[in-house]
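Peer 1: Let chain A serve as the given structure and place chain B on it in line with the hints.
Protein sequences, first through last, are from chains A and B. The first sequence begins at 0 in numbering that gives the first Met the number 0 and counts up one residue at a time. The second sequence begins at 0 in numbering that gives the first Met the number 0 and counts up one residue at a time.
This list has only true hints and no planted wrong ones.
Under the rule of at most 20 Å between Cα atoms (straight-line distance), these lysine to any residue pairs were calculated in the SDA-like manner:
(1) B:330 <-> A:31
(2) B:330 <-> A:30
(3) B:105 <-> A:65
(4) B:248 <-> B:438
(5) B:330 <-> A:18
If you're looking for bench data, these hints aren't it; they were derived computationally from the structure. The structure presented is a predicted model; accordingly, all values stated were derived computationally and were not measured.
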Amino acid sequence: MPPTPATRDEIAVLALRAGLELGAEHFDQLVDAYGHLEQMLGRIRSARSYADEPAHVFVPTKFLPTE
Amino acid sequence: MAGPELHFITIAEASRRISQRELSPVELTETYLQRISAIDNQLMSFVTLTAELARQRARAAEAEVMRNGPRSPLHGIPYCLKDIIETAGIRTTAQSKLLADHVPTKDAVVAQKLSAAGGILLGKTATWEFAHGGPSWDTLFPPAHNPWNPDHHPAGSSSGSGAAVAAGLAPATIGSDTGGSIRGPAAACGIAGLKPTYGLVSRRGVLPNCFSHDHVGPLAWTSQDVAILLSIVAGHDPADPGSADVPAKDYTAGLDAGIAGLVVGVPWHWLEEEAPLTAETRSGFDAALAVFRDLGAEIRAVEPPPMQLFNDAKKIIAMAELYSIHENDLKTRPELFGDSLRYRIIAGGLIRADDYVQAMRVRRDLAIAMQKLFTTIDLMLLPTGEPAGKLEPVPHSSLFTGPSYTTPLNVGGNPALAVCSGFAANGMPQSLQIAGRLFDDAVVLRAGHAYETATPWRSRRPILNPQPKQAVA
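Chain A with its partners taken away, still in its complex shape (with noise of 0.2 Å):
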């Protein structure tokens, strides 16, 4: 079963911590948009083992100087 969709209130919060003070015309976007991102990171979600890697494992040698 999907989880609640998050509120406005909650979604409020969330834009606070991320230090967004949004116009309410912005914050309406913002609420619309979130809730199809909503959707895409329940489908992504899923129990991992410990040792999966993302897919940008840091590569030292890419940043030795060039110059």
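Peer 2: Okay, now just chain B, sitting in the frame of chain A:
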């Protein structure tokens, strides 16, 4: 080719004629400048024209070719650049009010390479804002139109690049592709466009959309022309952390070798179950598969992971990366963003670190699955998308909800080429997507060239006549 049709010359043919001193770079450049002046008020494909600079470079190229011969297949040939590619001394805006006055001091690596090859920059072309938000009417410039029917869109985000090449305003251009932004406009405008293997072309100096999925690549009328351009712009760049250390090569070599014996996979469950094609697009795709069979390829079904998963992982990663790029502007001057771009990135600020890492783990799984699949096939074929619809506002959320046949190849990093595969009943181009193994860009281009040579679609061009400027909406 008669004078009035010179604007439709291919890079390959122009190169041959310049090398034989049958075609003047000055004449060729003037042909494009005049055509841009005559018809681009219908298309809005250029946002900045560098006419005087182009004339200067054309004169210099002509003198050098006459003296020493051409230094590359692009010497003396005009091109344009998507307006997210930085150009020294030339405004680079990303179509955004945020960068209205941005004049870079350095060329992007791809711009350096094209200039060093003797190409002639005509100007900068329209894009969706920062290659992500569009089509938009509230950004620095209006959106570009489709040359096959200016009431239709040219897709995005390399919109102006696709429109300019199809309309005969330039024979060559460079765009960028984070989820389909080279292949979509190439498809909509009936031309060829390659998203090269991730890391094959330097991204340095190209304004980012999403670091982990950004690809820079060429668009032109034919796969052969795309191969010429790729040979010039590909190459290792140690200062781009995503750049691959692979040897430079000539991507036109072996282009005529054909595709007999190649194994071609088709992800039918994507096309029939997850995101079913319209009957007309399915029919066009079936006809393209028949051409591949006739050319000696073996067609078989393949089953990559669900398309939805590719799209979810990429979009979450992109939102987080885009937000990190634009955070300061979103907090201090959000009104300068177009509505579409702001909508599509603002929720990225609410993505938790664990979700970003989780999306990157999903990407790893998907990339492994994709490369494993490519051990059983040489190529994957699928439509690039549906033909371009009307140019009109779309819900900003369409980027999150619409299926994308192109994004899985960004997630995997595999090369993918869009080629024209016919025309719908309303005259808009159809497009076939040809994907290949990592760094097998030459095989992908070979297949595109074989398909184009076996079909009549490269002989059809859009018809555009000069219109009074006030007639443009």
